[in-house]
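Given chain A's structure and the hints, the job is docking chain B onto it.
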Amino acid sequence: MSRFDKFLDWLEERLQLTEIFSFITSFGLLYTPLDTSKRLRASLREAFQKEQPAYTRWPYVLGIVTFMLFIFLVISGILLTFYYQPSPQTAYESTRFILQNAHLGWTVHQVHVWSAHLFFILLLIRLLRFFYHGVYKYKGELVWICGVLLILASGSAIITGNILPWDQYGYWSTIRVLEVLKIFPGINVLFTFFLGSLDINKTTLPRFYILHIFFIPGLILFLFYIHFQSVRKIGLSRIPGRRANPGGSVYPNHFIELFEVFLVLLGIVVTLGILFPAKNVVKADPFQNPGTFHLLWFLLPLYGLGHTVPPLIAGLIFFILTLAVLFLPFLDRSPETAIWKKKGILILFLGLIVFIVYMGYRGYQLGG
Amino acid sequence: MKHALSRKHIFLIGFIFLAFFFWFIPHSVRGQASLSKCELCHSDMSVRYEKSAHRSVGISCVTCHGGNPATEDEKEAHKGSFRSFQKKKTIMELCASCHADAEKMKPYRIPIDQYALYLTSRHGKALLQGDESAAVCTDCHMSHAIYPVSDPRSSVSDKNVVKVCSSCHGDKNLMAKYKISTDIPEEFRQSVHGIALLQKDEKTAPDCADCHGAHGATPPGVGDVATICGRCHEDVLPYYRQSVHAQSKEEIVTCTECHGSHRIEKAAPEQLVATCKTCHEEGTKAMNLIDRVERTFRLLEEKTKEAKTLIAEARDIPLDVTDYESRIRDAWTEMIKARTVFHSLDMSMYNWQVQRTESILEGLIEEIPHKIGLFREKVYFLGILWFYILVSLAVSRQVRREIRRRSRARMNQHEPKSD
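Going down the list, the sequences are from chains A and B.
The first sequence begins at 1 in my numbering and counts up by one.
The second sequence begins at 1 in my numbering and counts up by one.
Okay, chain B solo, but in the shape it has when bound:
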């Protein structure tokens, strides 16, 4: 009998082991090229800096901090050109020294107006007045873990902006000085915008910076509100501009007056009357009009619901509902258009839009039950089928009886002959 482990086996195992070994070594050693001697002490910062945007384009510690990166001696290292950033203003100046320089920023295609914008912002103005708690570049962008805005790891990416802003604007002690409400971040989180951005992951939803500006952060003035909202809600804006609310010489009513500023809720017909009541009194012409509008809203909603249940029923059968589905989408679009047109407070335009929606929905509500009914008639078809089957059976029974009678007659004819 042969030995269990022959020479061939041992050679094979050895070969596999060596192959693995030679594969493993370069993998374990790779990526150990060191930044500088700085990380011997500042390991936490160097870890945060390791994968940041600045590191990836080859900017080292010394570029910003100065000093001597070659020595291991603490005092030697922090001598000479070393900068410590005791004052926030120096941070601003350091960042601007590159980011406001058109020549330097050219390859990266980064705008260079951030510094100029920053100086116009509340943050920038306060800093120039010597307010050390005003936000500077590193307060939002972080000092070491800096990533491009499109990177989800970035502190200023779509979803993280809210967190960064609320780190100061949600801080009661800090905001007391400026008399700014600290409820704003929470209000935003509960608004349609906040829910869309943070819970539904909708990339088009606005964050703080989309309305207030990022570097030129400042609250919009009364005259600018409509323009700012209209940047996204561009279909509403022209209708609003035609309205009495916008053209009034005494008191302009802006978007935020009705919809709220941070805690913006979904536009629902239930809130319509209550919202208008805050300014208009009961029994006035405006309130009568609003009552009528609310009724049409409710009517359209009910009809949409009815049409949707009918479509679901038809789909269950199953009938082809692609046409109905596209038509109910049309109706939805028309209804949204009606709501949009409503901002002009021009009732003839609004009524026309409502009629369009209603006619689509009514068409569906009339048509679908008819088609469902046609399908249900399959059961009557069963009756016809069984009637046909029973008649056929009766006929074939007669035929069989006839055949048997004839064959018996033939046998009777044959019998005397065979005798």
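Chain A with its partners taken away, still in its complex shape:
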């Protein structure tokens, strides 16, 4: 018996280690539920010997990849907070310090920015996957709702994070974001609560900061937890007509595969950061509009529609669409999980995607 095993035993007598480990893995590390009545090593051995979960096949990889991106975001974000000072007087200078002087600060910043955008994109693709495979059907309702809420949360994380460097781009694009979001009915109340007004003032930066580093990540973590708990309860979604992956046991095969995905993902994020770095050049100047930048890309459809029909109606349309997507499980109650067999709803969904993409393009054309 090694020293570590002895220490583990000593802890085991005083703590419910299996419970603690089970709770930690509830945020997305180990799909297999743990037998909490057993000791940690026994229950882990049991879990590891189970067959590999189905998400080791490509369509399922999106979930674990978004989780890894979230880990990237948390680690790089914590590193950034060591240097960042959230006040209009110091934000720009401290960001410049991170980019110029702090060791690896530039890379950490780029990884944070690109992880955030990839996180949002992959969540969107994952939602489409959920729809295509009918995950939102009976028992999968919570998984779907968590998926939609995650998209909204990560969108607001990007919006609140955008202004933090306090450079010209961040400042003025946030002004435009707030202008575009104003057309959502009821959003005024939300913004007046969080900002005190619909304009950027001296409290905006610290408030956005606290939303960005505390409330929104907390919400995302909570949604991850609910999602994972729900998946443990109802089992992984299976592609209709296909078997689960007979790839061997969880340990070591699954862990090796996770390591591979992690490496490739890190490579992609760092490559994007180095080739297309987010710049931070000029300090924000409320009296000088640089005028040459685009809106945050995922708000372009809203901008496009807002310039096609009266803004109030555009806001209403997107509000209803969001609600409809959020509560899709309760609107489509037929038990048929194979979506391609139900022409009506498929066409409706494809039409919606085409509409949103077209509106985004239109928004871009109109200078959004």
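Calculated directly from the structure, the hints in this document are not laboratory data.
For every residue, glycine included, the Cβ atom is placed at its ideal position computed from N, Cα and C.
Watch out, some of these pointers could steer you wrong.
Facing chain A, a subset of chain B residues (Cβ under 10 Å, in silico) [what the hints assert, rightly or not]: (1) R315; (2) I317; (3) D320; (4) T322; (5) L374; (6) K378; (7) R400; (8) R404.
Leaving out everything else, chain B in the frame of chain A:
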């Protein structure tokens, strides 16, 4: 159902209305204390006088004008001690009666030599000779709307001085008598001084009075020009005094000879040769020297430009450029110093200064591309990263294959037993 407006509501509305009423009345009545009966007829003057410096220390119409302020009758009011200021000289004397009195001016900390100075000025001398168009106190300071010089409303504040002077010196009919050019105000407005004062709002820029004097206004004599310019350009003055231009026994060349008097332009290397040519002939020793100086000027300017573009590029990446920025400021200071030293026409001093500037700029031009290059190597870092990732993937693939092979072997071992 209750009535829409209950008694409570009516009471509340009434209370608010009354509160507003009682707040409003004192506000509307305040500040109506009247000057005197004078303003019944002279309302325009009293409005101008209302917020002036004299009014604020309690001087009333009668203090200057005399007469009876209590009556509404026109003839009664303008009787007795009333003064009408028909002659400009009386204005001068009236102002001096207080402003040249040390006892009276003590509390206000205003100098009392203005009257004495005025008498030495062209304006004062002409007035004493009976010239009624010569400027007197009220022509510049206004008669009623008098403010302290520091007040922007004052007619003689920094920016307004030019306007006040040009109201006479820009008037062709008036100036014809004295044979003074009326282009001077416009020339000043286009000069570096004029642009700095009127367009860039620089408080340190000189107005007319800073060179010509305010109360003792007179054009500076040839010998005084360098002293007057040197009051602000004090770093240039000692070098100029050492030069041949200043020490020549035959013909002294002053600042205005090269830089112009009112229309002073920014010193630029392009103008150097043309300016010197007005006196020196081509091919002389002086002109050869000037050619060399011009070349160094251009060289320094080009190098500054190059260093600045490099800094901008580095800033864009973003690299820390605070050190470079402070060094290019140093180079700029050294270059200005070189220009200053040039006034002494001592080439050894000048060359030394130019070398200092050049060495700073060259240091920057060598150093920055090196640092930018180091940063660009991040792209090579990508190659190393992906090589590492691919190697790791290959290794893990081998490991997985090995694991699968072993587990299959184990299963094959187990199968016969279970049978």
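Please write out, lowest number first, the hints stated earlier that are contradicted by the structure. 5
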